[in-house]
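K.L.:
The listed protein sequences correspond, in order, to chains A and B.
Residues are numbered in the working numbering as their position in the first sequence, beginning at 1, plus a constant of 964.
Residues are numbered in the working numbering as their position in the second sequence, beginning at 1, plus a constant of 446.
These are calculated hints, taken from the structure and not from any lab test.
Incorrect hints may appear among the rest.
Said to hold, decoys possible - Computed beta-carbon distance windows for the label pairs:
(1) A:V1103 - B:W699: 49 to 59 Å
(2) A:L1171 - B:Q496: 47 to 57 Å
(3) B:L495 - A:G1205: 50 to 60 Å
(4) B:L495 - A:F1010: 55 to 65 Å
(5) B:G604 - A:K972: 16 to 26 Å
(6) A:Y1151 - B:M486: 49 to 59 Å
(7) B:H491 - A:A985: 56 to 66 Å
(8) B:Q496 - A:W974: 54 to 64 Å
As the list claims (entries may be wrong) - With a straight-line Cα cutoff of 25 Å, these simulated DSS-like cross-link-like pairs (lysine-lysine) come out:
(9) A:K1145 - A:K1167
(10) A:K1173 - A:K1217
(11) B:K663 - A:K1217
(12) A:K1018 - A:K1217
(13) B:K663 - B:K545
(14) A:K972 - B:K545
(15) A:K967 - B:K545
Built from N, CA and C at the ideal position, the CB exists for glycine as well.
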Amino acid sequence: MDKTINQKAWFLVLPVFLVVAFSAVLPLMTVVNYSMQDTFGNNQFFWNGVGWFKELLDPSTDLGGRFLASLGRNLFFSLVILAIEVPLGIVVALSMPRQGWTVAACLVILALPLLIPWNVVGTIWQIFGRPDIGLLGYVLNAVGIDYNYVSNDVDAWVTVIVMDVWHWTSLVALLCYAGLKSIPEAYYQAAQIDGASRWAVFKAIQLPKMNRVLLIAVLLRFMDSFMIYTEPFVVTGGGPGNSTTFVSIELVKIALGQFDLGKAAALSLVYNLIILIVCWIFYTVMTNAGSDRKPQEGAA
Amino acid sequence: MHSIPGRRLIMGLFLIFLLLPIYWLVNMSFKTNAEIVSTMTLWPHAPTLQHYKRIFTDESWYSGYINSLEYVILNTIISISVALPAAYAFSRYRFLGDKHLFFWLLSNRMAPAAVYALPFFNLYSAIGLFDTPWAVALAHCIFNVPLAVWILEGFVSGVPREIDETAFLDGYSFPRFFVRILVPLIASGIGVAAFFCFMFSWVELLLARTLTSVQTKPIAAIMTRTVSAAGMDWGLLAAAGVLTIIPGALVIWFVRNYIARGFALGRV
């Protein structure tokens, strides 16, 4: 579809531009401002140049050590949940019933965890995993597995990961399901006539059709898990020790806990920059995938 | 041919995995605290409504739900009304900086809320909106407006351009065309976008908590009060949690037929 060039379209975009600029640009300027200064309270600020940034990227300092450690934990966390949620989401999408009332029922139940406030998700798992009053913790301990997410690093990690899988696999599944639904029946009939195996159908028909939505899913999940805050904060509080302290938790600790505005601002900018770069890759790949697809549609 | 062997079993197991923790929360909300702490029971042996009663009769509790709904609805209305014209512009026209603008919007959807917590606090305190529903509603626009633009753009692009042209030939002015023809055509898209705005505003806590103190505390922040010197009030916490799930469940029920397309952001 050819778009016409019309500069007056800016008038239609203007409200969005103003609203988002008000909530994004103004606060971001404050952050840039803080990141160059030091404060000792009483609203007195001192020029610190790029000092905070140097400290942030140097693992031998306190700030840098904490930042890089939480960044590493966060990356590991994101990779693990992607490795679980994407295949599981595809399998669940393929397992969706074909018609009848069960479709609606499954969709509603699948979507349910997505609509629960994030701190309640934390609360649910905090309760569910407790060895004394939670079903999961109780059963695990009853069958002889020593499980306690409050004191054991590994248990805390497992809990946070299972919680995320519980919370977000549905998103991947629903996206894939939307992709699968767009495949015309004729494709399957053709495959049947050709005697294609189940696996061949998946590889040649279903996976290519899911490509685009899978890309959305992977990148949404990467972004959101990269800035995860509320759920692990409620369940583990970042502990035991610092073992589940992710970047956002560290940032809030520094900004609102210690009120170290300069350090927090510098961290925010670097954090934002990482996300911006990943987002840019995402956007470029997405728009390219879109333009690749069009000639094919025309040919078909 | 569509689906895999053992699909009923897989689906069944996954749904159980999803429902079990929620069941446990519901189960606990009907137990007395004595029963919760002393024994492990799979269903409440002495069911009680005391926790729900407390929430519905104590103003400091139920006002939390009203406060939350207030800023969520405000945010949904603001997001959709500013996003609609923009979605049309992005879908139909090419203009100076359009791609950069779209990317910039999208990048805000991805910005971590933790980064904005403190600057938002300063900003909204400075303009006197701190501790009002407006502060939270506007703050949530940072991720909901880009999302709404993104979803609606997909739906507007699904409307054939000939319809616009015919309407203009028939003498419709732009605003009239927009309200009379375009909006009804993409009504399901607006529903989906509203659903997403509602969802992301409802589940967010960090900004909502930072931008409110006394008057407009969201329910999520009030829930933290169940920790007291006498220990956790588990039953009350569970009941409050169950009540936060209900609005979401109702909303899902209304949009269940559009959910799949909506989650693909109108792009399948």
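K.L.:
Take the hints in turn and mark each one as holding or not.
P.N.:
A quick look at each hint next to the structure:
| no. | hint | verdict |
| --- | --- | --- |
| 1 | A:V1103 - B:W699: 49 to 59 Å | 32 Å, violated |
| 2 | A:L1171 - B:Q496: 47 to 57 Å | 53 Å, holds |
| 3 | B:L495 - A:G1205: 50 to 60 Å | 41 Å, violated |
| 4 | B:L495 - A:F1010: 55 to 65 Å | 58 Å, holds |
| 5 | B:G604 - A:K972: 16 to 26 Å | 23 Å, holds |
| 6 | A:Y1151 - B:M486: 49 to 59 Å | 51 Å, holds |
| 7 | B:H491 - A:A985: 56 to 66 Å | 57 Å, holds |
| 8 | B:Q496 - A:W974: 54 to 64 Å | 58 Å, holds |
| 9 | A:K1145 - A:K1167 | 16 Å, holds |
| 10 | A:K1173 - A:K1217 | 43 Å, violated |
| 11 | B:K663 - A:K1217 | 21 Å, holds |
| 12 | A:K1018 - A:K1217 | 20 Å, holds |
| 13 | B:K663 - B:K545 | 38 Å, violated |
| 14 | A:K972 - B:K545 | 16 Å, holds |
| 15 | A:K967 - B:K545 | 13 Å, holds |
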